[in-house]
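Visitor: One letter stands for each residue in the lines below.
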Amino acid sequence: MVYTKPHPTILLIGIALLILGYLTQVGYLDGTLSWLGSRTKGEMIYLSYAVGAVASVLGLWHLVGIHREGSIDYYSSAIGGAAFIMLIAMLIRWFGDPLVAIGSRWLGDTLGWKFGGQYIHGMLGLNYIVLGIVAGMLIVNVFGIPGWAQNGVRMSRLGLKTGVILLGTLYFLQEILHLGLASFTLIGIFVLGSVGLVLLMCRLMRVSNSMGGVLSAGIGVCGVSAAVAAAPVVQAKSSEIAYTIGTILLWGVGCMFVFPIVGKALGMSPEAFGAWAGTGILNSAQVAGAALAFQSDGIETLKVAEIFNITRILFLPLIVVWLAVWYVRRETAANGAALGEPRPHSVGAMAAPAPVAPPEVNVTKVIVDKFPLFVLGFIFMFLLNLTGVFLPKGVSSSDLWKGSYFDNNLKEDRLLKPKEVAALRTDAAKVTRPDHKAALDRLVANRKIMSMADYHALDGLSASGALGREGKAAVSASKRVVLHTPRIIPWFRDWIFWLFAFGLTGLGMQITMSSLKQAGGEPLVIGGVIGTIKAVGSLIFILVFAGALGLQAL
Amino acid sequence: MDRKDSQGVDVHTTESGFKYHRGSALSIFKSDRREDIVALICACLIALGVWAHVNYGIGVFTWLGFK
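Heads up: the sequence lines are chains U and L, in that order.
Position one of the first sequence corresponds to residue 1 (our numbering), numbered consecutively onward.
Position one of the second sequence corresponds to residue 555 (our numbering), numbered consecutively onward.
The set of hints was computed from the structure by calculation and includes no laboratory data.
Keep in mind that a hint or two might mislead.
[Claimed, not checked] Calculated pairs, DSS-like style, for lysine-lysine (alpha carbon to alpha carbon, straight line, at most 27 Å):
{"#": "1", "chain 1": "L", "residue 1": "Lys584", "chain 2": "U", "residue 2": "Lys472"}
{"#": "2", "chain 1": "L", "residue 1": "Lys584", "chain 2": "U", "residue 2": "Lys5"}
{"#": "3", "chain 1": "U", "residue 1": "Lys419", "chain 2": "U", "residue 2": "Lys393"}
{"#": "4", "chain 1": "U", "residue 1": "Lys114", "chain 2": "U", "residue 2": "Lys237"}
{"#": "5", "chain 1": "U", "residue 1": "Lys41", "chain 2": "L", "residue 2": "Lys584"}
{"#": "6", "chain 1": "U", "residue 1": "Lys365", "chain 2": "U", "residue 2": "Lys393"}
{"#": "7", "chain 1": "L", "residue 1": "Lys584", "chain 2": "U", "residue 2": "Lys365"}
[Unchecked claim] One side of the interface only, derived from the structure: several residues of chain U facing chain L at Cβ under 8 Å:
{"#": "8", "residue": "Thr162"}
{"#": "9", "residue": "Ile379"}
{"#": "10", "residue": "Ala453"}
{"#": "11", "residue": "Phe492"}
Glycine is no exception: its CB is placed at the ideal position from the N, C-alpha and C atoms.
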C-alpha cells in the first residue's frame, strides 16, 4: 500500500507559512500584533520560516514525486498531518488565543461577564493549549481529518514523548530532592490505593479478573500505557483493553478541562496544582494538557506535574508484579470453585470467562518489554543536565540555585549606588547574626554580592526583618544582578512548549466520539467512582498536607 | 488481535473506516518501544542542535539571524 496521497494542501500550507514569516519580518503585521497584544513576533518569524520551508519542500515532493510502497513512503506520508497540526497550533497561539482573550475581556467589561473578578477566559483557562485541543476535537468530529493528514495526526504522541524527555534538561538536583518526598508519598498512596480499590470493586461487582487487572493498572498508574503493559499479565482480551482505554480517555478528557478550573477557583499554587494533576489525572497526555491549561505562560506547573507523572510510571513494575500474583491467585481459586458449580458472571459485554488455567507469564520479560523507555530518556536528560554540559563554561550544576547560576562579574552601572550603600551601612548596626553581618559587610565593601553563600545569607537577612525598607530594596537589587539563567534554558523551554502544543493539538484530533463511546458498562462505573475518589482524595490530601510535604498549597 | 501487541488497539477504525496496515490509531509506529526510541533520538538531536547553536552559533537559526 502506498500511503502518500499527493495533494497540494501541504505545499500551500508551506507557502502560506513562508509568506506569514516574511510579512511578520518586514513589519507588515505590526499593527495587527499590537492590537492583539501579541509578544510573539520573533517566534512567528523563525517558526513560520522553519515549518514553512520543510512543508514547502516535502509538499512539493508529495505532489510531484514518485511514491513506491515501503517505509520511506509510510513515514514521509506523515509530514502532511504534522504540518496540519503545526498550522492549527501556530494559528491558535498567535491569533486564536489573543482573540479569545480580547473577546472575553470585552464581554467582561461591557456585559459584566466576570466571575470572582476573573474574565471568562482566565477562569476557564482558555489558553492556546486548551484551544488547540478543542480545535482538534472539533476538526475530527465535525469535518474529519483529511486523507492526506491521516497518517501524520498519529505523530502527536511522539511529540509529547519527545517533550517529556527534553523536559529532563530543565530540572535541577534541588528541585528533584525538594519534590521527591512529596511525589513518592502522594503517588505511593494514591496509585497503590486506587489499584487496590479497583480490584476490590471488580470483585464486588463480579467483573472478570482480566478486566479488573487491566482496568486497575489503567486507573491506578498512567493510563493507556499501563493498561497495555498489564494486559498480557492478566490475559486481557482486546475488547477489555478497548473498554479500559475508552474509560481512561473519557475520564482524562473531562479532567483535562475540569482540573484547571477547580485549581484556579481554589487559587492553588503552580506547585500544588502540578502535584494534583500529576496524581489525580489518569493519562500522561492529559496531565500535560491540564498543567499547561493551568499555566500556559510558564513551565513551573508542567515541571511539577511531570515529576509526579514520572514517579507514577516508576511504580509500573511493582503494579505488574502485584497484578501477576493477584491474577494467578484469583484464577487458581476460581478454577477450584468452578469444579462443582457454575461461576457467577456480570451483565453485558463484560461477562466473566469460563475457567482457564492460570497463565504462565514471564513477569520480568513483560516489565522489560513494556516499561516506557521515554521515562528512562527523561532520567537520562536529567543526568546529562547534572553534568553541567548545558551550562556556560566555568559553571557547574552545583553553582545553580533554582535553575540560575551565580556570576558577579558586573559592569559599573550594575553595582550598588552610593545611596543604597549608605542605607545598608545604616542598617548594618542592627544586624547581630555573625554570618549575616559578614555577608552584609562584604556587600557594602564591594557593592556587589561576593559568593553564593553570601547570597543565601543576605536572603536570610532580608527575610529576618532586620533591614529597613531601603536596605531591603538594595539587597533585592544586588541579588537580582548576580543570578543568571543559562542561555540555553529559554531555547529548551520553547522547544518543549511547541512539542507539547503539537502533541496536544494532535491529541485533540484523536479524541473522536466513537473512541469515547467505547467506555461503558461496568468499567465506566468503576473508573468513574475510583477516578473521582482519586481526584478528590488527592486534592484534599495536597491542600491539607502541603506544608508537611514541602509544597506551597496556595 | 495479538494481545501482546500494544499497538493493536485501533479505536478509530469503526468510525472512519480507515484501516491501519501499520501502527494504530494512536501511533504511526509499530510498537510503543519503537516510538519511545524515536522520541529519544529526536530529543537527543534537538538537545544537540540547541547546544551547538547556543555555544558555537552553529545551525539553521543562526543562519537565519537569530541569536
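Visitor: Regarding the pair U:Lys41 and L:Lys584, is the alpha-carbon distance no greater than 27 Å?
Guide: Distance ~39 Å between U:Lys41 and L:Lys584 Cα, so the pair is violated.
Visitor: Given the hinted pair U:Lys114 and U:Lys237, is their alpha-carbon gap at most 27 Å?
Guide: Distance of about 49 Å is beyond 27 Å: violated.
Visitor: Does U:Lys365 sit within 27 Å of L:Lys584, going by the straight-line distance between their CA atoms?
Guide: Answer holds: L:Lys584 to U:Lys365 is near 19 Å, not above 27 Å.
Visitor: Does U:Lys472 lie within 27 Å of L:Lys584 when you go C-alpha to C-alpha?
Guide: Violated, at roughly 60 Å.
Visitor: For a C-alpha distance cap of 27 Å, please report whether U:Lys419 and U:Lys393 respect it.
Guide: Between U:Lys419 and U:Lys393 the Cα gap is close to 35 Å, so the pair fails against 27 Å, i.e. violated.
Visitor: Is the hinted pair U:Lys365 and U:Lys393 satisfied, with a Cα-Cα distance of at most 27 Å?
Guide: Answer violated: U:Lys365 to U:Lys393 is near 43 Å, above 27 Å.
Visitor: If you take the shortest Cβ to Cβ gap from U:Ala453 to chain L, is it below 8 Å?
Guide: 29 Å, violated
Visitor: Next item in the hint list is U:Ile379. Is there a CB on chain L closer than 8 Å to its CB?
Guide: It is violated, given that the least Cβ distance between U:Ile379 and chain L is near 11 Å, above 8 Å.
Visitor: At a threshold of 8 Å, is the proposed contact between U:Phe492 and chain L supported by beta-carbon distances?
Guide: 6 Å, holds
Visitor: Compare the distance between the alpha carbons of L:Lys584 and U:Lys5 with 27 Å, and conclude whether the hinted pair is satisfied.
Guide: Holds, because 21 Å separates the two Cα atoms, which is no more than 27 Å.
Visitor: Can we keep the U:Thr162 interface hint, with Cβ of chain L closer than 8 Å?
Guide: 4 Å, holds
Of the hints listed earlier, those the structure fails to meet are numbers 1, 3, 4, 5, 6, 9 and 10, in rising order.
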